[in-house]
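A.B. asks: For the protein sequence lines, the chains are Y and V, in the order given. Residue 36 in UniProt numbering is what sits at position 36 of the first sequence, and the numbering runs on without skipping anything. Residue 97 in UniProt numbering is what sits at position 97 of the second sequence, and the numbering runs on without skipping anything.
Hints may be right or wrong, so weigh each one.
To be verified - Dumping the calculated BS3-like pairs for lysine-lysine here, alpha-carbon to alpha-carbon at most 25 Å:
{"hint": "1", "chain 1": "Y", "residue 1": "K663", "chain 2": "V", "residue 2": "K328"}
{"hint": "2", "chain 1": "V", "residue 1": "K52", "chain 2": "Y", "residue 2": "K52"}
{"hint": "3", "chain 1": "Y", "residue 1": "K440", "chain 2": "Y", "residue 2": "K534"}
{"hint": "4", "chain 1": "Y", "residue 1": "K663", "chain 2": "V", "residue 2": "K656"}
{"hint": "5", "chain 1": "Y", "residue 1": "K59", "chain 2": "V", "residue 2": "K663"}
{"hint": "6", "chain 1": "V", "residue 1": "K50", "chain 2": "Y", "residue 2": "K59"}
{"hint": "7", "chain 1": "Y", "residue 1": "K111", "chain 2": "V", "residue 2": "K656"}
{"hint": "8", "chain 1": "Y", "residue 1": "K121", "chain 2": "V", "residue 2": "K656"}
{"hint": "9", "chain 1": "V", "residue 1": "K328", "chain 2": "Y", "residue 2": "K504"}
{"hint": "10", "chain 1": "Y", "residue 1": "K440", "chain 2": "V", "residue 2": "K328"}
FYI, nobody ran anything at the bench for these hints, they're computed from the structure. Since this is a predicted model, take the numbers as computed values, not measurements.
Listed below are the residues making up each chain.
Number of protein chains: 2
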Amino acid sequence: MERVDHLADERNKAEFNVDDMKIVWAGSRHAFDVSNRMSRLVANDPVFEKSKRAVMSRKELFKNTLRKSVHAWKLINELRLSDEEGLKLRSFMDQPGFLDLHWGMFVPAIKGQGTEEQQQKWLSLATKMQIIGCYAQTELGHGSNVQGLETTATFDPKTDQFIIHSPTQTSSKWWPGGLGKVSTHAVIYARLITNGKDHGVHGFIVQLRSLDDHSPLPGITVGDIGMKFGNGAYNSMDNGFLMFDHFRIPRDQMLMRLSKVTREGKYVASDVPRQLVYGTMVYVRQSIVSNASTALARAVCIATRYSAVRRQFGSHDGGIETQVIDYKTQQNRLFPLLASAYAFRFVGEWLKWLYTDVTKRLEASDFATLPEAHACTAGLKSMTTSATSDGIEECRKLCGGHGYLWCSGLPELFAVYVPACTYEGDNVVLQLQVARFLMKTVSQLGSGKAPSGTTAYMGRAKHLLQCSSGVRNARDWLNPGMVLEAFEARALRMAVTCANNLSKFENQEQGFSELLADLVEAATAHCQLIVVSKFIAKVEGDIEGKGVKKQLKNLCYIYALYLLHKHLGDFLSTNSVTPEQASLANQQLRSLYSQVRPNAVALVDAFDYTDQYLGSVLGRYDGNVYPKLFEEALKDPLNDSVVPDGYREYIRPLIKQRFRSAKL
Amino acid sequence: MERVDHLADERNKAEFNVDDMKIVWAGSRHAFDVSNRMSRLVANDPVFEKSKRAVMSRKELFKNTLRKSVHAWKLINELRLSDEEGLKLRSFMDQPGFLDLHWGMFVPAIKGQGTEEQQQKWLSLATKMQIIGCYAQTELGHGSNVQGLETTATFDPKTDQFIIHSPTQTSSKWWPGGLGKVSTHAVIYARLITNGKDHGVHGFIVQLRSLDDHSPLPGITVGDIGMKFGNGAYNSMDNGFLMFDHFRIPRDQMLMRLSKVTREGKYVASDVPRQLVYGTMVYVRQSIVSNASTALARAVCIATRYSAVRRQFGSHDGGIETQVIDYKTQQNRLFPLLASAYAFRFVGEWLKWLYTDVTKRLEASDFATLPEAHACTAGLKSMTTSATSDGIEECRKLCGGHGYLWCSGLPELFAVYVPACTYEGDNVVLQLQVARFLMKTVSQLGSGKAPSGTTAYMGRAKHLLQCSSGVRNARDWLNPGMVLEAFEARALRMAVTCANNLSKFENQEQGFSELLADLVEAATAHCQLIVVSKFIAKVEGDIEGKGVKKQLKNLCYIYALYLLHKHLGDFLSTNSVTPEQASLANQQLRSLYSQVRPNAVALVDAFDYTDQYLGSVLGRYDGNVYPKLFEEALKDPLNDSVVPDGYREYIRPLIKQRFRSAKL
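Could you put together the complete structure from these sequences and hints?
C.D. replies: The following block contains the structure:
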């Protein structure tokens, strides 16, 4: 079979070694190797085929997920895949299902909050998947505010049991993935009550369904919460509801690492530091940041390749039209997203390091860096997931009308991605946490306590509050020091302005609530500085491979200068740059776009995505888009017959003006 | 049956008469009456039920659309509804289908481009729906660039026929709604060729299918292009592809109002001015602007009501939590969208007037105002549809996790709305048209030709280029003159800067292409000025009803000051305002939010949407959200059985560790 590469010309233009860039993108040769092997394993296995998802009924889609999940687990066992390989294989399976929650939430919750004995008992079952678990925290009426949960776990000393109960309709657990139809067990969160006293929200292991016939146990009402955004997407998953009617569990199913209830019903806090819980949060959020880069890269890969294939206008003599990727308007929207994908990749890499560092410190009971690490991961989770959601939709629009076709892969990618803005902390709520941390840091300036980590720049407040940017020509905007200083000045000045405005209020909380919108903007500025500074640190370090470093530098400055333009109001109103300097930045940006242009297709090839994973006719590696669009169209059930079902009942009576014969 | 209004408290807070506001929103008492009656007619008719769309298969959904469409047409006939009433009824049907294209594109194309005789012949069939038509312009490889279409219509003098042919795969018609399975006829666009000469793209009436058995005529290949974004949404519609293999039509099926081909094959332009075609474009685009306000209002209505129902945080003593609508972060995102919905409503109203005005002038062969009207409608189409798409998704996020449920109504609304950014002119391409017009206007300043209409402000260039804003305190931002001047200065200065930068290029076209991104921003600034100025004109005029004017003034200034904050970089870099003035604007904005807060629910009630049309559990009029979410969930097919289909084949073998018995 002959395979023509319609994008060969584009690939020949590249000024760097794509294979070297693949290693940089993956993080290491080993990571590349694992990712490359697992993605091909999935792509070549017919069970993982996914092109029919859009026309499957809910039940078919759900059953298809069960099949893929069990098959994946079988492969993981048969091929004796490592944890790292198994995780990659599941991610390339690319269909939300119960495995995600079992491995991503249920098992870690027991590891983090269970005692040694509890871990021994439950993890041996869970890691063999003899039980399937989910994580049931959110309730119908309670999302972000965990402390507002209503489910109760009341200790009954007579029987040495907890009575789990849902006192109201709004206290139903609602949303947990894998809960609706699959899970046999759950870690649930409920208010612990002993001797009439409410000790706040705690975790419990609860069996939901019989291991013999899968029927829900007496006292448990459970089901699926219904269709969600998109076609395919999370409809493959049984997000569920759960109500308890005085359901009893043994006392030892409370997760007791941090605090316990004795046989007598006494509540006792253990000496294990509570901060350990935040360590887990740092872990989960760093993986969300890493997934953001993966998802955004996917959309950018599709939009970049199709922008090179697609031609519109530009021919005044009937000749070939211009590739849309050559238009500045297209570059101006697309290349910053390409740069963002790389930016999020590298900040995600750094977050992995941060997590390791925090973990080491926690083990040595050093909690000093935790608040900063916590704020930083919360902020980066918020910022990268918001930018990725918007970016995916922008990539869809960049593909013109065809981006609206399901087979472009973009509608599904969007629908499956957007919940990341809400789960694991609503993005606005998270930015407010960052803002609180910043306000605290500002208030301690000059107190002798030097800010550290990502807030270290605030220690140079004196300089940053009075400096003015030294940019004199467009080239200066490629100077890392000048770029960083502009972002630092902007972030610090916004934070200080907020702090000053807050201080005008007698009641701090009321001030905080009045200034919420400004505080979110200050937090965003701080987070953008982190991403820019980590990207600059990356490109200033050692990078191997022919031409690779040059490309990454271009992307780094595109990212920074695009942010500068997008948030120009911040930079100007804080006097961090002048209008003339901003105009020079735009000039530099245009020049960088021209430098990226010949490398664009190769830069998305470096993501090493298979066509099967991309799932996009527009983003095909070989650029053979149009014949394949036809092939896809012909598969639609509506094309099963030439004359459609409904002709006799509706169309014919209409055009023959015989309404009485219509089936209305 | 007792009906409790959970939002009664909110409604009692309102400081204006909602019924009066309903009239203002609708445009007139008559328009309100029609809209009110038609929406209730649809809501109370079980055929129009739409809650099951998400779980219908493609074929079921398509057939359901046929049924609804034919039923709607039957009602229109039986009840002898006026054109206005019929249009409203179809819009409340709220399911894309062939009626939209037949009435919205096929019939107007014949009216606009057909000769008297052609109109007589074809409209008499079309208006009785004895034929069903669609509008086939876009091709697989050709969207925005109409002049690049490849389909040919070659005149054959021997037979007095045109031979319609698709010479390549990319020349297939692709996207036309109603084409895939339903239409019997189409207006198609093809390159007219006579005597070997290409006369460019012209319109032709083509029969596609037999009126006896609906089979495609020989030489015609036609089908559906497959699934699109979302669940439900445009999947109800048979967007189609179409290829011609030397298909012949009689000469008199070329639409010959503007130019014709004689029996001898001579191409003759008629004396009917070509500008008339632009009149139609003005009409279509003004209706898109009007639809933008309708769609955005729908999302805002859902988000506002649910923000009043939903409570999170804020209780430190175990009492009731705070309504999320009371948070400034929520107000800061929601109220500008509420204001935008009203803003787009009024600019749409004004566009209707503009269309009438242009039509009158065209009839009197006065083409002077057409370029300005054309640029203005193109720009407003672009700006309002982009803002509405983004706004719907923002409203979804404002509903927290539950916004992601299909039954929130928001995913479907988003999926069905976003194509508006692409069809009838890609939004970026349209802004470039506006930019070209602005550059021309700027270049003619001082030439004695005074700019008119929406560009009249450019006539005051001398003042606007050197003035500085007189705003001294927050209250000044409620001064219409000061607000307008800031927007005018910003728009003009951006346009002039672009023109200056353009003039530095030797080759104008190359300069234009290099500065595309800046030009789009200048065009956007001009369009935002139009919307702000029409909103101000509205609230400065006579408005009846208790408290109505005050509310609209609040919304008007929220809209303007929100834009000022969002595009602060523009305002500051052009020195149209100072950072201190911008800070006063934010202060005023916060105060306006507080004033809108008690009126928010009543302001969305004024849209007069029925619960059936809204199609949202979260946006229910009575606020009874949570019990209804449960009801909806229970309807999902996955809840048909307690133990799901797939248990025996997959879940049981997994937990029993017997993979060999799994059906993989």
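A.B. asks: State for each hint whether it applies.
C.D. replies: Hints, verified against the model:
1. Y:K663 <-> V:K328: Judged against 25 Å, a Cα distance of about 52 Å means the pair is violated.
2. V:K52 <-> Y:K52: Cα-Cα ~21 Å, so holds.
3. Y:K440 <-> Y:K534: With a Cα-Cα distance of about 23 Å, the restraint between K440 of chain Y and K534 of chain Y holds, given a limit of 25 Å.
4. Y:K663 <-> V:K656: violated, 50 Å
5. Y:K59 <-> V:K663: holds, 16 Å
6. V:K50 <-> Y:K59: holds, 20 Å
7. Y:K111 <-> V:K656: holds, 23 Å
8. Y:K121 <-> V:K656: holds, 17 Å
9. V:K328 <-> Y:K504: Holds. K328 of chain V to K504 of chain Y sits at ~18 Å (cutoff 25 Å).
10. Y:K440 <-> V:K328: holds, 21 Å
When each numbered hint is compared with the structure, violations occur for hints 1, 4.
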